[in-house]
Amino acid sequence: MKATSHSFKENAHQALGNANLQKALNLMRSGFPARRAAAIARLPEFEALREEGKAIKDHVLENLDFYLETFERNVVARGGQVHWSRTPQEARDTVLAICRGLDAKTVTKGKSMIAEEIALNEHLEQNGITPVETDLGEYIIQIRHEYPSHIIAPAIHLVKEQIAQSFRDTHTNLDPARLLEEAPTLVAEARTVLRQKFLAADVGITGANFCVAETGSTIIVTNEGNGDLTQTLPKAHIVLASLEKLVPTLEDASTILRLLARSATGQDFSAYTTVSTGPRRPGDMDGPEEYHVVFLDNGRSAMLGTEFQDMLRCIRCGACMNHCPVYATVGGHAYGWVYPGPMGAVLTPTLVGVEEAGHLPNASTFCGKCESVCPMKIPLPKMMRHWREREYEKKLSPATYRYGLGLWAFFAKRPALYHTLAEWGARLLGAVGGPRGRFRSLPLAGGWTAGRDMPAPEGRSFQSLWAERQRKKAT
Amino acid sequence: MKEEARSQILGSIRRALKRGPVDEERQSALEERLANPRPNLIPARAASLQHAAQVDLFVAMAEEVQTTVARVSSIAEVPGAVADYLAQSNLPSRLVMTPEPQLDEIPWDTRPMLEIRRGRAEDGDAAGITGCFAAIAETGTLMLTSGQRNPTRNNFLPDTHIVVMHRDQVVGTYEDGWTQLRARQHTADGAFAMPRTVNFITGPSRTGDIEQRIELGAHGPRRLHIVLIDNGGTSP
Numbered sequence: 088m089k090a091t092s093h094s095f096k097e098n099a100h101q102a103l104g105n106a107n108l109q110k111a112l113n114l115m116r117s118g119f120p121a122r123r124a125a126a127i128a129r130l131p132e133f134e135a136l137r138e139e140g141k142a143i144k145d146h147v148l149e150n151l152d153f154y155l156e157t158f159e160r161n162v163v164a165r166g167g168q169v170h171w172s173r174t175p176q177e178a179r180d181t182v183l184a185i186c187r188g189l190d191a192k193t194v195t196k197g198k199s200m201i202a203e204e205i206a207l208n209e210h211l212e213q214n215g216i217t218p219v220e221t222d223l224g225e226y227i228i229q230i231r232h233e234y235p236s237h238i239i240a241p242a243i244h245l246v247k248e249q250i251a252q253s254f255r256d257t258h259t260n261l262d263p264a265r266l267l268e269e270a271p272t273l274v275a276e277a278r279t280v281l282r283q284k285f286l287a288a289d290v291g292i293t294g295a296n297f298c299v300a301e302t303g304s305t306i307i308v309t310n311e312g313n314g315d316l317t318q319t320l321p322k323a324h325i326v327l328a329s330l331e332k333l334v335p336t337l338e339d340a341s342t343i344l345r346l347l348a349r350s351a352t353g354q355d356f357s358a359y360t361t362v363s364t365g366p367r368r369p370g371d372m373d374g375p376e377e378y379h380v381v382f383l384d385n386g387r388s389a390m391l392g393t394e395f396q397d398m399l400r401c402i403r404c405g406a407c408m409n410h411c412p413v414y415a416t417v418g419g420h421a422y423g424w425v426y427p428g429p430m431g432a433v434l435t436p437t438l439v440g441v442e443e444a445g446h447l448p449n450a451s452t453f454c455g456k457c458e459s460v461c462p463m464k465i466p467l468p469k470m471m472r473h474w475r476e477r478e479y480e481k482k483l484s485p486a487t488y489r490y491g492l493g494l495w496a497f498f499a500k501r502p503a504l505y506h507t508l509a510e511w512g513a514r515l516l517g518a519v520g521g522p523r524g525r526f527r528s529l530p531l532a533g534g535w536t537a538g539r540d541m542p543a544p545e546g547r548s549f550q551s552l553w554a555e556r557q558r559k560k561a562t
Numbered sequence: 063m064k065e066e067a068r069s070q071i072l073g074s075i076r077r078a079l080k081r082g083p084v085d086e087e088r089q090s091a092l093e094e095r096l097a098n099p100r101p102n103l104i105p106a107r108a109a110s111l112q113h114a115a116q117v118d119l120f121v122a123m124a125e126e127v128q129t130t131v132a133r134v135s136s137i138a139e140v141p142g143a144v145a146d147y148l149a150q151s152n153l154p155s156r157l158v159m160t161p162e163p164q165l166d167e168i169p170w171d172t173r174p175m176l177e178i179r180r181g182r183a184e185d186g187d188a189a190g191i192t193g194c195f196a197a198i199a200e201t202g203t204l205m206l207t208s209g210q211r212n213p214t215r216n217n218f219l220p221d222t223h224i225v226v227m228h229r230d231q232v233v234g235t236y237e238d239g240w241t242q243l244r245a246r247q248h249t250a251d252g253a254f255a256m257p258r259t260v261n262f263i264t265g266p267s268r269t270g271d272i273e274q275r276i277e278l279g280a281h282g283p284r285r286l287h288i289v290l291i292d293n294g295g296t297s298p
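Chains as they are written, first to last, in my numbering: chain W, 88 to 562; chain U, 63 to 298.
For the record, the hints were derived by calculation from the structure and aren't laboratory data.
Some hints here could point you the wrong way.
Claimed, not checked - Straight-line distance between alpha carbons at most 25 Å, and here's what the computed DSS-like set of lysine-lysine pairs gives:
1) K456(W) / K482(W)
2) K89(W) / K482(W)
3) K322(W) / K64(U)
4) K96(W) / K482(W)
5) K141(W) / K80(U)
6) K192(W) / K247(W)
7) K469(W) / K64(U)
8) K500(W) / K469(W)
9) K481(W) / K469(W)
As the list claims (entries may be wrong) - So the derived list for chain W, only partly shown, Cβ under 10 Å to chain U, looks like this:
10) Q109
11) R129
12) T181
13) I185
14) R345
15) T361
16) P366
17) E480
18) G491
19) L494
20) G524
21) S528
Keep in mind that this is a model prediction, so the values were computed, not measured.
Backbone N, C-alpha and C fix where the C-beta goes; we use that ideal spot for every residue, glycine too.
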């Protein structure tokens, strides 16, 4: 998909005026954070597990070449194939070639952020292959021709009335007079429609939450069971994975799995955790005849050894966006590309360039909640600051911002002058705004006062009050 | 092109890490770590319990995620428990059953009303019976492995999934499950033979994709029912 991250401000503005989106985001604010907190409260070891999970991923990143090669060897030993792609184009072409080799007409897909990153559906469609998303949220946005607004809840921006309308528009062979008011009927209809797609598909494509070096296995985590029908019924199972999904052993995967569902949905464990190793075995009654793992780099290897290496620990749980005041206000689409929220604000500039996505690291209140809930302890605010610095160095930030910062720096480096001016300024604003206690408009601060009043200072600066207090103490 | 992409990606990783391929010393340490997989921190929730209490924890955790559990005292009671469950849920008494030896030991003919087909589940099979490899107490999770008598699709296609298991199959943690699998699944030369598919199943299929309200039965089974053969006495 084409990134629109450069339009973050316009996107955000539209989002604030979108009543359905605001209703949907309200549901999220009251949902995910409370469920996560409850799940963690009953696992006393959660903090210690975070440290262990972080250590496992750091260990993998330091030895990533070894683990990738070991994983590849073990996949091949069990009859599977591994494909390496540097770019989204290479990954798309690899998937297409596998599908063509099997003369595939339709492909079912489990939810995969890598598939979104490489815009796989468009590519398959352009080449005469029909991709069918089977995760309910992904299916909904596919038939609406949208893209996901959340990495674990792709249709979180929609309310059920919108979904019902999309089902009526798409499932035109069903009775137009049928009732579709409530979620259970919508779920049942999607189940019936998609069941036939599962049975008819030639190839199944899933993502991977983990690639296990020890056994050459890939692991997916779902609640619906769509990933399992996707990979079990067709002739071939294609797994899309980015390089950093490696873990050494099944035990290491188990440790991180204890963090994943609790951080994501507040479940102790997701309904389905599935470990897949190679194609079907001799004598098996089902399973895919071919098993392919397609690795995507797309700039990740170059993040190693930089201030962004920690981002490669991310397990895509979505906790950072579930707890982010900015995400909760504007939703995921405002971020303009595949990955929204704090993790997207860090990752998107790496993958599409800071020129395109420089706004995203600024879309933060720096409250630090994202880092505090991240199961992998990724220092997201620190990395957003790194991006801001790069943006400043590349002179990508607006001139008024740059000059304003220069002016502020001039005074900040001269504390006596700064304090004097601040004291005068506070007294002046306090005197002018005193009677009302606030300003409806202020010169140079139109951006603030357009949407709300500016509180007036009470007449003294903090520094001078503090100095006075210290003097009184001394006497 | 393929080989070129591979070597470029590995090269890029090594450049970023400011080293060449891992040296011999590090390689043998890493290989040793893989050859002897060690558990990391294990939460006390299940690990600290005696087996009887683990069985109770398994049942409690499973019920928390909408799995239903019937505890029976011997395999002779299993057909009756299955028939009762189907009747109570207003389900037809036609079933597809995986052709596993331990399921064949059950005296199904004591309930001739049950119409059981042994084999692979197909579209339209409304209810199915499988065994399982192990059951994990810490989160009420079933562990099922694929094999010649264990088609994976039977765990997902039928609307109702009935699992018949013995209390001995309950273990504390995921790591305990792996330990058992490593001990029991190996090739002729003794190497660990990972099954094609290992399914960890925790409750019936669900989705929260419509306004974050949990609905059961998204794509996999709408109902998950366990018949637990529980002849080991009760926990203290």
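Comparing the hints with the structure gives:
This hinted pair does not check out: K456(W) and K482(W) have alpha carbons roughly 29 Å apart, beyond 25 Å. For a cut-off of 25 Å, the pair hint linking K89(W) to K482(W) stands: about 24 Å separates their Cα positions. With a C-alpha separation of about 23 Å, the suggested pairing of K322(W) with K64(U) holds against the 25 Å cut-off. This hinted pair checks out: K96(W) and K482(W) have alpha carbons roughly 19 Å apart, not beyond 25 Å.
Under the criterion of a C-alpha separation no larger than 25 Å, the hint pairing K141(W) with K80(U) is consistent with the structure, at around 22 Å. As the CA atoms of K192(W) and K247(W) are separated by approximately 31 Å, the hinted pair breaks the 25 Å bound. Under the criterion of a C-alpha separation no larger than 25 Å, the hint pairing K469(W) with K64(U) is inconsistent with the structure, at around 37 Å. Taking the CA atoms of K500(W) and K469(W), the gap is near 23 Å; set against the 25 Å cutoff, the hint holds.
Under the criterion of a C-alpha separation no larger than 25 Å, the hint pairing K481(W) with K469(W) is consistent with the structure, at around 19 Å. Because the smallest distance between the Cβ of Q109(W) and any Cβ of chain U comes to about 13 Å, over 10 Å, the interface hint for this residue is violated. About 8 Å separates the beta-carbon of R129(W) from the nearest beta-carbon of chain U, less than 10 Å, and the hint is met. Hint status for T181(W): holds, given a least beta-carbon distance of 8 Å to chain U, under 10 Å.
Given hint, I185(W) at the interface with chain U, is violated; its Cβ is 12 Å from that chain's nearest Cβ, farther than 10 Å. Restraint check, R345(W) versus chain U: the minimum CB separation of about 7 Å is within 10 Å; hint holds. Annotation: T361(W) was flagged as interfacial toward chain U, and the flag holds, the nearest CB pair being 5 Å apart, inside 10 Å. At about 7 Å, the closest approach between the beta carbon of P366(W) and any beta carbon in chain U falls short of 10 Å, and the interface hint on this residue holds.
For E480(W), the interface hint is violated, since its Cβ never comes within 10 Å of a Cβ in chain U; the closest pair sits about 21 Å apart. Restraint check, G491(W) versus chain U: the minimum CB separation of about 36 Å is more than 10 Å; hint violated. Taking 10 Å as the C-beta contact cut-off toward chain U, the hint placing L494(W) at the interface is violated, the least distance being around 39 Å. Taking 10 Å as the C-beta cut-off, the interface hint given for G524(W) is violated, the closest approach to chain U being about 40 Å.
The beta carbon of S528(W) comes no nearer than 40 Å to any beta carbon in chain U, farther than 10 Å, and the hint placing it at the interface is violated.
Violated hints, listed in ascending order, are 1, 6, 7, 10, 13, 17, 18, 19, 20, 21; each of the other numbered hints is respected by the structure.
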